[in-house]
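Visitor: The whole structure should be built from the sequences, with the hints applied where relevant.
If you're matching them up, the sequences are chains A and B in order. Residue numbering for the first sequence follows my numbering, starting at 1 and increasing by one per position. Residue numbering for the second sequence follows my numbering, starting at 1 and increasing by one per position.
The reader is advised that the hints may include incorrect statements.
[Stated by the list, open to error] Simulated coverage check for chain A against chain B, where a stretch passes if three residues somewhere in it have a Cβ under 8 angstroms from a Cβ of chain B:
(1) 35–41
(2) 53–67
(3) 133–140
(4) 143–153
(5) 163–169
[What the hints assert, rightly or not] Label pairs and their in silico Cβ distance ranges:
(6) B:R121 <-> A:T87: 48 to 54 angstroms
(7) A:I68 <-> B:M34: 43 to 49 angstroms
(8) B:V6 <-> A:L131: 20 to 26 angstroms
(9) B:F274 <-> A:G176: 18 to 24 angstroms
[To be verified] Think about it this way: if two alpha-carbon atoms lie no more than 20 angstroms apart in a straight line, the pair counts; the simulated SDA-like pairs of lysine to any residue are:
(10) B:K154 <-> A:V189
(11) B:K154 <-> A:E150
(12) B:K154 <-> A:Q187
(13) B:K154 <-> A:R184
(14) B:K154 <-> A:L186
(15) B:K154 <-> A:I88
(16) B:K154 <-> A:L35
(17) B:K154 <-> A:P183
Simulated from the structure, these hints should not be mistaken for lab results. Owing to the predicted nature of the structure, the values given are computational and were not obtained by experimental measurement. Just so you know, even glycine gets a beta-carbon here, dropped at the ideal spot from N, CA and C.
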Amino acid sequence: MSPEIGLIVAPDRTYATLAARARRLGFVRALRRPLLVALVLGTSMALSTTRHVTPALVFSTTVMLYVIVIGQILTALAVMPATRAHTIGRARALDLFFASHAPWSLWLLAASAWAPSPLGRPVAPVWAAALVPVVLTPRIIAAYFRQVHELDRRQAAVRTVVHQILTWGMFLALYGAAVAIWPRMLQVVS
Amino acid sequence: MRLQNVRIALCGVFVIGLFIGAAGDRGMPHMPPMRDGYIVLAGDFHVHSFPGDGGLAPWDIAHEARRRRLDVFALTNHNATWSWTLTRALDWTRATSGVLMLPGVEVTSVGFHIAAIGIDRPVEWRGSVVDVAAAIHAGGGVAIAAHPTAESRKAYGAAAFRALDGIEAAHPGMLESERSRREYLEVYRAAVDAHPSIAAIGSTDFHTWAPVGLCRTYLFVRAATESGVLEAIRAGRTVACDGGGEVHGPDAFAPLVRDECRVDAAAPPIGDGFLSHLGATTAWLSLLALVIVGAEEPV
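Guide: Next comes the structure, spelled out in structure tokens:
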């Protein structure tokens, strides 16, 4: 079974195996998983918005959405403990962390294939399906802290919660700025 | 080692998929028709873009607008013009599609939204519809009531309609149910009662899933320029076309574009065909396989 699918099925066992074979990685090699995430984001966006792909379009959407990957790298580095990362190297620790993105990657690809539209398929199943990565991702990240960084259950849970707060907080801040959240909140209050 | 070869092969297939998609992406020149002495342009005046809550960058929207047989569109992010600033900074991107791109803002206020077209900086959103419309006019733009549904109905009295240049008479929201369709058309009729020359606007409110140009506006312009477009909106020489192929607008103009609306609503994008679908499917499948195969040896 591939590590990405293994993490969905049995996160602790999979991360334990990956951590046991942990080896130092160069930073360029460590970018393979973040780059794949960016490609998934960019291609899914191109397909969702236009139903077609070209090199120029996918390059543009991927570069544009790389800001999300950078945000994910920063939040990961912010919550990553220094001790074990010192042993295996930050690059490998980051590489293993990005393996946890598989549930979201699969959801993005599924959503772009479903392609809801006002004249076609409804959007509700896409949001309903998002519950799967919303539930799976914290479970995988907690396993990452336990197995890769050898933290106890409580420490791993705390770091997972902090990571989720940072990630969703960043998402809400960016989204809030983009949709002009302040007048909308005033509307709700009034 | 064998899996590594599979990954390299999948990357290759992904790139091939993109190039197959590009081979199907042949642009065709779109000649706007003439009607009654006017050039008829097709436009979408409510489009969200990156950076903002839209899924595409302005230059990609321009390309997509051309595929969807549009001649003009406006960037209307919420109370922000970053994406217009970005486009101006990368000026070469504006010349590539042949589609006229206009600056704009969706003025997002408490209880109502107004698409402000032809202005390149945000306007004050606090105030009534009349106040916001005045601020837009002072900046040289036109003010269009955005998705004026029952929720925002309270904000639009007769004075508000008279202050506006246009109203969205066609919007993807009206495709959700017969009730919402009725609501949109009732508000449009109330607007025409108060302001007979108010422009009927069809807009997609594009973010991600509703394609650019799904609902569109036909403009009867004297010149295919930014000022020509704004003048046609101010004069009310527009017809809104909903995604179902029906026109909404003044009797003097609506019959002139009834056929265009029906054809454009049903037509696939230019270049959409076997190669385009093959490219998209190939790229999607190879990416899915790359995610499933994973980045290192099995566990």
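Visitor: Evaluate each hint against the coordinates.
Guide: Hints, one by one, checked against the model:
A count of 3 residues in the stretch 35–41 of chain A with a Cβ less than 8 angstroms from any Cβ of chain B is obtained; the coverage claim is therefore met, three being the minimum. Restraint check on the stretch 53–67 of chain A versus chain B: 9 residues with Cβ-Cβ distances below 8 angstroms, three needed, restraint holds. For the stretch 133–140 of chain A, the stated coverage by chain B is violated: 0 residues have a C-beta nearer than 8 angstroms to a C-beta of that chain, whereas at least 3 were required. Only residues whose C-beta sits within less than 8 angstroms of a C-beta in chain B count toward coverage, and the stretch 143–153 of chain A has 0 of them, not enough to reach three; the restraint is violated.
Chain B is given as covering the stretch 163–169 of chain A, and this is violated because 0 residues of the stretch bring a CB closer than 8 angstroms to a CB of that chain, at least three being needed. For the pair R121 (chain B) and T87 (chain A), the supplied restraint of 48 to 54 angstroms holds, since their beta-carbon distance comes to about 53 angstroms. In this structure the supplied range 43 to 49 angstroms holds for I68 (chain A) paired with M34 (chain B), their Cβ-Cβ distance being about 46 angstroms. In this structure the supplied range 20 to 26 angstroms is violated for V6 (chain B) paired with L131 (chain A), their Cβ-Cβ distance being about 32 angstroms.
Checking the proposed 18 to 24 angstroms range against F274 (chain B) and G176 (chain A) shows it is violated: the Cβ atoms sit about 43 angstroms from each other. Between K154 (chain B) and V189 (chain A) the alpha-carbon distance is near 16 angstroms, which keeps this suggested pair within the 20 angstroms criterion. Between K154 (chain B) and E150 (chain A) the CA atoms are separated by roughly 59 angstroms; this puts the pair beyond 20 angstroms, and the hint is violated. Between K154 (chain B) and Q187 (chain A) the CA atoms are separated by roughly 12 angstroms; this keeps the pair inside 20 angstroms, and the hint holds.
With a CA separation close to 16 angstroms, the supplied pair K154 (chain B) and R184 (chain A) stays within the 20 angstroms bound. Between K154 (chain B) and L186 (chain A) the alpha-carbon distance is near 16 angstroms, which keeps this suggested pair within the 20 angstroms criterion. At most 20 angstroms may separate the alpha-carbon atoms for a hinted pair to count; K154 (chain B) and I88 (chain A) exceed this at roughly 62 angstroms. Taken as a hint, the K154 (chain B) and L35 (chain A) pair is broken in the structure, with Cα atoms around 48 angstroms apart against an allowance of 20 angstroms.
Between K154 (chain B) and P183 (chain A) the CA atoms are separated by roughly 16 angstroms; this keeps the pair inside 20 angstroms, and the hint holds.
Hint violations for this structure: numbers 3, 4, 5, 8, 9, 11, 15 and 16, all remaining hints satisfied.
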